[in-house]
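Q: Here the protein sequences come in this chain order: F and S.
Per our numbering, the first sequence starts with residue 1, numbered consecutively.
Per our numbering, the second sequence starts with residue 1, numbered consecutively.
Among these hints, one or two may not hold up.
Below, in silico cross-link-like pairs of lysine to any residue (SDA-like), each with a Cα-Cα straight-line distance of 20 Å or less [what the hints assert, rightly or not]:
no., chain 1, residue 1, chain 2, residue 2
1, S, K312, F, K117
2, F, K117, S, N225
3, F, K10, S, V224
4, S, K357, F, M63
5, F, K25, S, K374
6, F, K25, S, E233
7, S, K312, F, M63
8, S, K358, F, P61
9, F, K25, S, S192
10, F, K42, S, I377
11, S, K269, F, Y95
12, F, K74, S, M238
13, S, K374, F, L41
14, F, K117, S, E233
15, S, K364, S, N400
16, S, K356, F, F20
17, F, K25, S, R17
18, S, K239, F, F20
19, F, K10, S, I377
From chain S, some residues computed to sit far from chain F (all C-beta separations above 12 Å) [what the hints assert, rightly or not]:
no., residue
20, W126
21, F132
22, D152
23, Q218
24, P220
25, S315
26, F411
DEER-style ranges, computed between Cβ atoms [said to hold, decoys possible]:
no., chain 1, residue 1, chain 2, residue 2, range
27, F, L107, S, K269, 49 to 57 Å
28, S, S329, F, D105, 44 to 52 Å
29, S, E332, F, F106, 27 to 35 Å
30, S, A438, F, K117, 34 to 42 Å
31, F, Y47, S, P460, 50 to 58 Å
32, S, P419, F, K96, 50 to 58 Å
Think of the hints as simulated: they come from the structure by calculation, not from any bench.
As the structure is a computational prediction, the values presented were derived from the model and not from experiment.
Glycine included, C-beta positions come from ideal geometry on N, C-alpha and C.
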Amino acid sequence: MKILVVDDEKDIRSLFEQRFRREIKNGNIEFVFAYSGDEALKCLQTYQHEAVLILSDINMPGMSGLELLERIKKKNHTPPPVVMMITAYGDDENYKRAMQLGADDFLTKPVDFSSLKEKITKLN
Amino acid sequence: MLPILGPLIFSLLLTQRLFKFSKIHKYELWEKWFRYARYFAVFLFVAQVIFQFSNTTRWIWHVFLISILLFGFRQKEMNSLRMFLWAFVPYVAVSAISDLTAVILTGFYTRWENYFDTASMLSIIWLGAILFSHYRQNKAEEKERIRRQKEDEINRAIAVRKVELEGLVAERTAEITRQKEELEQTLVELRSTQDQLIQSEKMASLGELTAGIAHEIQNPLNFVNNFSEVSSELLDEMKEELTKGDTEEVSEIANDIKQNLEKIIHHGKRADSIVKGMLQHSRSTSGVKEPTDINALADEYLRLAYHGLRAKDKSFNATLETDFDQTLSNIEIVPQEIGRVILNLLTNAFYAVSDKKKQLEKLKANQKSSADEKPYIPTVVLSTKKLKGKLEVKVVDNGNGIPPAAVDKIFQPFFTTKPSGKGTGLGLSMSYEIVTKAHGGELKVENKEGQGVTFIMLLPLKNK
Numbered sequence: 001m002k003i004l005v006v007d008d009e010k011d012i013r014s015l016f017e018q019r020f021r022r023e024i025k026n027g028n029i030e031f032v033f034a035y036s037g038d039e040a041l042k043c044l045q046t047y048q049h050e051a052v053l054i055l056s057d058i059n060m061p062g063m064s065g066l067e068l069l070e071r072i073k074k075k076n077h078t079p080p081p082v083v084m085m086i087t088a089y090g091d092d093e094n095y096k097r098a099m100q101l102g103a104d105d106f107l108t109k110p111v112d113f114s115s116l117k118e119k120i121t122k123l124n
Numbered sequence: 001m002l003p004i005l006g007p008l009i010f011s012l013l014l015t016q017r018l019f020k021f022s023k024i025h026k027y028e029l030w031e032k033w034f035r036y037a038r039y040f041a042v043f044l045f046v047a048q049v050i051f052q053f054s055n056t057t058r059w060i061w062h063v064f065l066i067s068i069l070l071f072g073f074r075q076k077e078m079n080s081l082r083m084f085l086w087a088f089v090p091y092v093a094v095s096a097i098s099d100l101t102a103v104i105l106t107g108f109y110t111r112w113e114n115y116f117d118t119a120s121m122l123s124i125i126w127l128g129a130i131l132f133s134h135y136r137q138n139k140a141e142e143k144e145r146i147r148r149q150k151e152d153e154i155n156r157a158i159a160v161r162k163v164e165l166e167g168l169v170a171e172r173t174a175e176i177t178r179q180k181e182e183l184e185q186t187l188v189e190l191r192s193t194q195d196q197l198i199q200s201e202k203m204a205s206l207g208e209l210t211a212g213i214a215h216e217i218q219n220p221l222n223f224v225n226n227f228s229e230v231s232s233e234l235l236d237e238m239k240e241e242l243t244k245g246d247t248e249e250v251s252e253i254a255n256d257i258k259q260n261l262e263k264i265i266h267h268g269k270r271a272d273s274i275v276k277g278m279l280q281h282s283r284s285t286s287g288v289k290e291p292t293d294i295n296a297l298a299d300e301y302l303r304l305a306y307h308g309l310r311a312k313d314k315s316f317n318a319t320l321e322t323d324f325d326q327t328l329s330n331i332e333i334v335p336q337e338i339g340r341v342i343l344n345l346l347t348n349a350f351y352a353v354s355d356k357k358k359q360l361e362k363l364k365a366n367q368k369s370s371a372d373e374k375p376y377i378p379t380v381v382l383s384t385k386k387l388k389g390k391l392e393v394k395v396v397d398n399g400n401g402i403p404p405a406a407v408d409k410i411f412q413p414f415f416t417t418k419p420s421g422k423g424t425g426l427g428l429s430m431s432y433e434i435v436t437k438a439h440g441g442e443l444k445v446e447n448k449e450g451q452g453v454t455f456i457m458l459l460p461l462k463n464k
């Protein structure tokens, strides 16, 4: 299973790699990281249908997570990738907008990794 | 003729002069006497004519003239008239002696009558000569006296005027002093109002910052928490591996833990510096210049301003471009103040681009145009550059620009183009003060209406 993580904070990479240490080692999950919306779109082009799950931060300079979400959902991949939004601001406005744009889930920072793991295993 | 008119004329001359003298020198009693003496002389002359020049009137003339002369000689106050009085003495003496001789020694008198007549003539000539010189002298003296009197009058008038003027000056001085005190009082009030305004502007900009600061602190805190948690999990795994005896895995995990701890420290420090920056911003500055890395300062305030706006307005987004001149060395500035200027310029730029974006979105929604035009990308560019002897900090936005009517007023206090409640109108005027007055720099604006604004701050690299 391939997961694309989008966040402008670079340290998110080592955090995810350590949190999913076992899964990565077992080869169950493969992580790809992008540090901006643009980079994420480029990644999606390269991996095409491979990415099943996209975890995106909302608050990023340049293209925001919500814009990225809109673009991904517009492209009509089949099957459409699951997109989970992550944000530091768990406010209603962001939540509604994300849902409106077709987000599959909405997580708030700090990320609860054990519940994230559960959600991922359910997808599998 | 002379024996008839002589006594009258000389009496009148004598009394008139003494009368005038008394009048000028304000001897009121004498003035009265000499006036009567004049009348008396005229009266005596009339009596003389009526009585056909009897001997009695002759003697009365003698007594009259002699007593006046004696009176005059005896008064100390009439010292200045001595010469005048002496003019009459020979005439009075000669006529009195000749009359006396004529009565007592009639024979002797008849024999020497010619000599008596000659003496009488000589005494009259003497009288005329002395009087002539006396009157001439007197005239000159009179002129001098009048001149002096006029001078005195002028002096007195001047003195009066001087007193008047002094009064006026004192009055004016008092008025001016009062006004000065009032103005000083007003100045003190204005200063304290200004201080209050500066403080409230600082607080307003701090308010703008809080959301950004919260976000900026939240992020590192999340990392601190996450990395701590993951490290503790890794330690559990490490124990498991130890019991299995997989030393290779153990050392790998240990490396990860060490990395995580470094990251915890890094993010802890990040949060720390943000809190310090916030404290620095709210504290009243000491105004002390210190060597500052302008690039780091600009970057810090860029993040704070951006996240501050993001936190307040979720829909806001902008592309941030930075172009920092890495060859810049530290510059002597008051970091909080220049930070405030940068923050202010950035807040304005962000406001401008988000305003334009909202405007375009509204337009699009109304027109429902399907034609996919080139999308508007709100962009703010922050750059630093080393110029000759100067440092340039540039903030460029691609918003709507400033209306031409407003561009001259943007540095005026309380002028704002933002809707009421959104801006204090103090940001740019304070920024201008900070840059030009406190740092000897320049703050310029380049306005392209409809295309955006460029603010340029120039700071001298070497402070004198």
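Q: Over 12 Å from every CB of chain F: does S:D152 meet that, or does the non-interface label fail?
A: holds, 95 Å
Q: Holds or violated: F:K25 and S:E233, Cα atoms, limit 20 Å.
A: holds, 16 Å
Q: Tell me if the straight-line CA distance from F:K25 to S:K374 falls inside 20 Å.
A: violated, 45 Å
Q: Determine whether the non-interface label on S:S315 survives the test: each CB of chain F must be over 12 Å from its CB.
A: violated, 8 Å
Q: Check the hint pairing F:K42 with S:I377 against an upper bound of 20 Å on the C-alpha distance.
A: Status holds; Cα separation ~19 Å.
Q: Non-interface claim for S:F132: all C-beta distances to chain F beyond 12 Å?
A: holds, 122 Å
Q: Holds or violated: 49 to 57 Å for the Cβ distance of F:L107 and S:K269?
A: At 27 Å between Cβs, range violated.
Q: Decide if the proposed pair is consistent with the structure: S:K358 and F:P61, CA atoms, cutoff 20 Å inclusive.
A: holds, 18 Å
Q: Sort out whether F:L41 lies within 20 Å of S:K374, counting only the CA atoms.
A: This hinted pair holds, its Cα atoms lying about 19 Å apart.
Q: Regarding the assertion that S:F411 does not contact chain F, is the least Cβ-Cβ distance greater than 12 Å?
A: Answer for S:F411: holds, closest chain F Cβ roughly 30 Å.
Q: Taken at face value, is the distance from the CA of S:I377 to the CA of F:K10 at most 20 Å?
A: violated, 24 Å
Q: Hinted pair, alpha-carbon criterion (20 Å max): F:K25, S:S192. Please report holds or violated.
A: violated, 67 Å
When each numbered hint is compared with the structure, violations occur for hints 1, 5, 9, 11, 12, 16, 17, 19, 23, 24, 25, 27, 29, 30 and 32.
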